[in-house]
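Protein chains: 2
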Amino acid sequence: MPRGSMDILSRLSLLTFLSFLTTAWSGKVLVFPVDGSHWVNMNLMIQGLHSRGHEVTVVRTATSWYVKETAPHYSSLTITIPEAICIEKEDFFVSFLVKMLAIKKEGGSPMAFLSFYWEMLGTLSIIHQQASMVGVQMLEDKALMQKLRDTKYDLVLIDPGLPVGVLVAHALGLPTVFNVRWITSGEGHFVVAPSPTSYVPTSGVALPDKMTFLQRLQNTFHYGLNTCIDKFVVCPVYDRLVEKYFGSGLSFYHMLQAADIWLMRVDFVFEFPRPTMPNIVYIGGFQCKPPSPLSAELEDFVQSSGDHGFILMSLGTLVKGLPKEITSKIAAAFAQLPQKIIWRHAGERPDNLGNNTLLLKWLPQSDLLGHPKIKAFVSHGGTNGIYESIYNGVPVVGVPLLFDQPENVLRLEIRGAAKVLDVTQITTESFRDTVQEVVNNPFYRDNMKRLSSLHRDQPMHPLDTALFWIEFVMRNKGAAHLRTESYKMPCRAFAVL
Amino acid sequence: MPRGSMDILSRLSLLTFLSFLTTAWSGKVLVFPVDGSHWVNMNLMIQGLHSRGHEVTVVRTATSWYVKETAPHYSSLTITIPEAICIEKEDFFVSFLVKMLAIKKEGGSPMAFLSFYWEMLGTLSIIHQQASMVGVQMLEDKALMQKLRDTKYDLVLIDPGLPVGVLVAHALGLPTVFNVRWITSGEGHFVVAPSPTSYVPTSGVALPDKMTFLQRLQNTFHYGLNTCIDKFVVCPVYDRLVEKYFGSGLSFYHMLQAADIWLMRVDFVFEFPRPTMPNIVYIGGFQCKPPSPLSAELEDFVQSSGDHGFILMSLGTLVKGLPKEITSKIAAAFAQLPQKIIWRHAGERPDNLGNNTLLLKWLPQSDLLGHPKIKAFVSHGGTNGIYESIYNGVPVVGVPLLFDQPENVLRLEIRGAAKVLDVTQITTESFRDTVQEVVNNPFYRDNMKRLSSLHRDQPMHPLDTALFWIEFVMRNKGAAHLRTESYKMPCRAFAVL
Numbered sequence: 001m002p003r004g005s006m007d008i009l010s011r012l013s014l015l016t017f018l019s020f021l022t023t024a025w026s027g028k029v030l031v032f033p034v035d036g037s038h039w040v041n042m043n044l045m046i047q048g049l050h051s052r053g054h055e056v057t058v059v060r061t062a063t064s065w066y067v068k069e070t071a072p073h074y075s076s077l078t079i080t081i082p083e084a085i086c087i088e089k090e091d092f093f094v095s096f097l098v099k100m101l102a103i104k105k106e107g108g109s110p111m112a113f114l115s116f117y118w119e120m121l122g123t124l125s126i127i128h129q130q131a132s133m134v135g136v137q138m139l140e141d142k143a144l145m146q147k148l149r150d151t152k153y154d155l156v157l158i159d160p161g162l163p164v165g166v167l168v169a170h171a172l173g174l175p176t177v178f179n180v181r182w183i184t185s186g187e188g189h190f191v192v193a194p195s196p197t198s199y200v201p202t203s204g205v206a207l208p209d210k211m212t213f214l215q216r217l218q219n220t221f222h223y224g225l226n227t228c229i230d231k232f233v234v235c236p237v238y239d240r241l242v243e244k245y246f247g248s249g250l251s252f253y254h255m256l257q258a259a260d261i262w263l264m265r266v267d268f269v270f271e272f273p274r275p276t277m278p279n280i281v282y283i284g285g286f287q288c289k290p291p292s293p294l295s296a297e298l299e300d301f302v303q304s305s306g307d308h309g310f311i312l313m314s315l316g317t318l319v320k321g322l323p324k325e326i327t328s329k330i331a332a333a334f335a336q337l338p339q340k341i342i343w344r345h346a347g348e349r350p351d352n353l354g355n356n357t358l359l360l361k362w363l364p365q366s367d368l369l370g371h372p373k374i375k376a377f378v379s380h381g382g383t384n385g386i387y388e389s390i391y392n393g394v395p396v397v398g399v400p401l402l403f404d405q406p407e408n409v410l411r412l413e414i415r416g417a418a419k420v421l422d423v424t425q426i427t428t429e430s431f432r433d434t435v436q437e438v439v440n441n442p443f444y445r446d447n448m449k450r451l452s453s454l455h456r457d458q459p460m461h462p463l464d465t466a467l468f469w470i471e472f473v474m475r476n477k478g479a480a481h482l483r484t485e486s487y488k489m490p491c492r493a494f495a496v497l
Numbered sequence: 001m002p003r004g005s006m007d008i009l010s011r012l013s014l015l016t017f018l019s020f021l022t023t024a025w026s027g028k029v030l031v032f033p034v035d036g037s038h039w040v041n042m043n044l045m046i047q048g049l050h051s052r053g054h055e056v057t058v059v060r061t062a063t064s065w066y067v068k069e070t071a072p073h074y075s076s077l078t079i080t081i082p083e084a085i086c087i088e089k090e091d092f093f094v095s096f097l098v099k100m101l102a103i104k105k106e107g108g109s110p111m112a113f114l115s116f117y118w119e120m121l122g123t124l125s126i127i128h129q130q131a132s133m134v135g136v137q138m139l140e141d142k143a144l145m146q147k148l149r150d151t152k153y154d155l156v157l158i159d160p161g162l163p164v165g166v167l168v169a170h171a172l173g174l175p176t177v178f179n180v181r182w183i184t185s186g187e188g189h190f191v192v193a194p195s196p197t198s199y200v201p202t203s204g205v206a207l208p209d210k211m212t213f214l215q216r217l218q219n220t221f222h223y224g225l226n227t228c229i230d231k232f233v234v235c236p237v238y239d240r241l242v243e244k245y246f247g248s249g250l251s252f253y254h255m256l257q258a259a260d261i262w263l264m265r266v267d268f269v270f271e272f273p274r275p276t277m278p279n280i281v282y283i284g285g286f287q288c289k290p291p292s293p294l295s296a297e298l299e300d301f302v303q304s305s306g307d308h309g310f311i312l313m314s315l316g317t318l319v320k321g322l323p324k325e326i327t328s329k330i331a332a333a334f335a336q337l338p339q340k341i342i343w344r345h346a347g348e349r350p351d352n353l354g355n356n357t358l359l360l361k362w363l364p365q366s367d368l369l370g371h372p373k374i375k376a377f378v379s380h381g382g383t384n385g386i387y388e389s390i391y392n393g394v395p396v397v398g399v400p401l402l403f404d405q406p407e408n409v410l411r412l413e414i415r416g417a418a419k420v421l422d423v424t425q426i427t428t429e430s431f432r433d434t435v436q437e438v439v440n441n442p443f444y445r446d447n448m449k450r451l452s453s454l455h456r457d458q459p460m461h462p463l464d465t466a467l468f469w470i471e472f473v474m475r476n477k478g479a480a481h482l483r484t485e486s487y488k489m490p491c492r493a494f495a496v497l
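Just so you know, the sequences run in chain order E and D. For what it's worth, the numbering used here labels the leading residue of the first sequence as 1, then goes sequentially. For what it's worth, the numbering used here labels the leading residue of the second sequence as 1, then goes sequentially.
For the record, the hints were derived by calculation from the structure and aren't laboratory data. Please note that the accuracy of each hint is not assured.
Repeated chains share a single entry, so a pair holds when one copy, or any two copies, can fit it.
[As the list claims (entries may be wrong)] Mimicking DMTMM-like on lysine to aspartate or glutamate, the simulated pairs with C-alpha atoms at most 25 angstroms apart in a straight line are:
1) K477 - D209
2) K142 - E485
3) K320 - D446
4) K28 - D457
5) K488 - E413
6) K152 - D457
Sequences are here, hints too, so could you generate the full structure?
Here you go:
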C-alpha cells in the first residue's frame, strides 16, 4: 500500500465525521444554566446546538444577571421566584472578597477564618435554597409541566453547579447531560468517579498531585469535610423536594450521579490526571477559537508597543472589590515596565496609572490572548481565561482571589507556565519583578507553548466533541451503557471500594 | 445561522481530521506482540501503522506460532530462546481443555479443580519465564541493544499479556503504548485503574456488575487472589530481571503501570462500565470492517439456505480438544435445523453430519458475520468473534470453553444478546432448542442490533483512534500529562484510597 494512502477504515472514519459535520436534524433541548461566568460557556454550547439545527429552551429566573430573555439562538422560559435573595448580582460575590481581604489584612486568626468559612457555608445553603425554588415553581405548575411534556424534549442539558434541573428532568423522564466542572459542593469528578486522596487533591485546597504524607492527611481531611458539606448542607435542600414530589426511597445524590453524560470542562494539560468514568467526556477549552481581528483603536495601541509587546490584565468581575491601595501598587508596577498594558478594570481608577496602561471596562480577551504581540496574561485564574491562555500559549501571572482560583493557578505554576502572587502581600516591586520574570524568562512561555501544543493535539475540537455526545444521547435516548453501577450503591464508600 | 451549516469550529475539526487522514510522516515503532489470536489484532494495528508510513519492527521468537519472519508491512527481529518450552503450539492449550472437560465429567470435586488451578498457576509461571527469556537474550546482547539504540525508535508498542517489551523499552528509554486487554494475570484495568469490587467483577469469575452481597464477597476474594498471583507468581519473574539489569529500587509492576497510553481492546457495549484513566483509550472492535464478498462456492452455499438463512459456528482453535461425543451431539442438533450451517472445525469429523452442514478448517468469519443471510453465531466467546458479531448485529449462542470465555459470553447474555450453554452438559435437544430460540426469538437479534448501533455510533473508527494516539505519543515523546501519580504509590492499596 502506498505510504499515507487512506485505507478503508480511515475512509469510513471520514464519512462518519463528515456526516456528523453536515447532517442537520432537529432535536429539542431544555437547558438549566448557572448564571455568571458559567453562562458564557453554556451560551456557546447553545449556539453550537442551534447552529446544528436543534431547538433550545433556556430556563432562567426573572432576576437573571447574564441570561437574556430573548436571543436569536434560543427561546427562554422565565421563572419568577418569590422573595428572591439577591445572589444574582456581582456585588454579592464582591462582598466576599472584601471580607476575606480584611481578615487577611488583620493577620488572619484561625477564628476569623473559621467564622468566614461558617458564613460561606450559610451562603452556600441559601444559594441552593434559592436555586431549588426554580424547581418548586416549575413542579408546582401542573400546566407548565404538561406543556413541557407535550413539547417532547429529547434531553435536559444542565450545569449542575446549581443542579435543580435534575429534578425537572426526573419529573419529565428525560435523559440528562451535564455541562460541568463544579457540582453542588466541589469538583464534578468527586461525585461520579473514584477519587483516591493519595494523589487526587480535593476541591478547596491548593495541593499538588505529588503529595507528602502530611499533605495526604490534609487532603483526606478536606475530602471528608467536602463530603459532609455535600451530605448535610447541600443535598438536604434537594432531598426535601425529592421526597415531596417523587416520594421517599429516592436520593437526590443518586439522581445527580445518574446523569447520562458528563461533559467535563477539563483538559489534562491543566487538571492533574485522575481516575475517570466511561461517561465523562472531556471538553476543556471548548470555548477557545482562533482570534478575530481587534478594533482599529486597540490594534493601534497594541502595535505601538513595538518589540516589547503588551501585557493583558484581567481579574474577572470581582476586581471591583480590590481596595485602591492594591490597585495603586499594581498601577505603579505597570508604569515601570517597557511593555504596553491593557487592563480590564471596572472598579475605581487608580490615580497613578502609567502612560503605557490602557484601562477598559470590557475587552475582547480571547482575541487579545491570540494576538502575536502579547507577552503575558495577569489573571485571577478563572477557568475561561486559563483555557484561553493555554490555547494561545500565553504564560500567566496568577493573582488568585477566591473560590477555585488558587487551585487553578497552582496547576499552571506546577507545570512551569505561571508564577503566582498572593494579592494581600503584593508590593509594587514584587508585582513588577514577577511580571518581568514571566515576560523575559523563556521558561514560562516555552512551557505554556508545550501545553498549548498538547491541548491542540486532538482529533476533534472539544466543542464538536461536546455536540457529538449531546446528539448521541438524543439519538440513543440516554447512554446507560456508559454509566457504572456505582451510582446505585447504598453507601458512598461502596462506590470506591 | 442556517441550520446544519458548518461553523468555524466544525471546520477546524474537519481540517485537523483531514490532516490526520492524509498526512504521512515516518516514525519507527518496535513491536512486542503476543502469539496466537492476540497477534491477529496486533497485526492489523501494524498494517495500519505501515499504511500511514511508519516503519515497524516486530520482535518474534524463532519458534513463533503465528508471527511470520517476513511480511510486506513489517521487518522482524527473531530471538532464539535456548531450551524453549513448547508453549507456542496450539496443542499446549488444547491439552488444558481436555483436562478440564475430564474433571467436569468426573463430577468436578473441589480437590480436582484445585489441583487443576494449581497446575495452571505453574504453567502461568512457566509461560512468563519463557517470555522473559526474550528479554534476557536481548538485554545480554550488547551489540543488538546498541543497534536498536542507533535505529532511534520513536515508540515501543507492546501487548502486555506477556510484558517483556516493557524491560526493553525501559533500557532504550522509549515511550510505550500498550495494545491490551489482558495483562500479566488479569484484565488490564486492574493494573492501572481503581477497581471497586462492589460493582467491577474481577477477572476469572463470571459475575455481573449488579452483584448481591455474597457475590461481592466472592468478587473481593477473587480480586485478592488475582493480586496475590500477580505479586507472587508473575511479577517476581520480571523483577529478577529488573534488579539484574537496572539495579534495585525499581519495581516491574510500577514500570508496567507507567505505560504512556493503554489502547484497551474494550467497548462498553460489551464490557461493564467501570472506572477508567485519562491515558486509557478504548478501541474495542478496532478489527471490525464491512464484509468483503464471499467466494463463489461459499456464496452459493449461503444462498441455498433461502429464507431460513444460515448459522455460523466457530469454537476457535481449541475445538480440536472437544471430544467426539460432544461434537456428535452438536452435529445431530444441527441436522435437525432448517437453516444451513457453516462450521469451522479442525478436529475429527463427526460421523452424523447433516446435509445442511458445511465443515471448513478455515472460514472468512468476519465476512460471513456481515452476510445478510446470517441468523446466529455459535461461538466459544473469544473477543475477536464477539466484537465481529456486535459490529454486525448477529445474536450469539455461547459455548465457552476456557479462560475469559465464560466472562465474555456472560456479558452478552446479560444484555439479552446471547444464550449460553455449558459445553459439558450439552445434549442434542438442549443445543437444538437454544439455537432455535436465538434464531427465532427477535429479542436476541433486536438487542444485538441495538448494541451494534451503539457501537458504531462513534466519531472515529476505533482503529483510527488507536493510530491517532500511537502517533500522538510519537509526536509528543510520551503522554506523561495523562498518567496519574498512582503508578508511583509505594503500596498498591494507596493507588485506590
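query = Checking K488 and E413: alpha-carbon separation at most 25 angstroms within a copy, between copies, both or neither?
reply = This pair counts as between: shortest inter-copy Cα distance 22 angstroms, intra-copy 38 angstroms.
ask   = Between K142 and E485, at a C-alpha cutoff of 25 angstroms, which is it: within one copy, between copies, both, or neither?
value = neither (33 angstroms within a copy, 51 angstroms between copies)
request  = Check K152 against D457 for me: Cα-Cα at most 25 angstroms, and say if that holds within a copy, between copies, both or neither.
outcome  = between (38 angstroms within a copy, 23 angstroms between copies)
request  = Give the relationship of K477 and D209 under a CA distance limit of 25 angstroms: within one copy only, between copies only, both, or neither.
outcome  = between (37 angstroms within a copy, 22 angstroms between copies)
query = What label fits K320 with D446 when the C-alpha limit is 25 angstroms: within, between, both, or neither?
reply = neither (33 angstroms within a copy, 61 angstroms between copies)
request  = If the cutoff is 25 angstroms on CA atoms, where do K28 and D457 land: within, between, both or neither? Let me know, please.
outcome  = between (32 angstroms within a copy, 20 angstroms between copies)
In summary, the numbered hints that this structure violates are 2 and 3.
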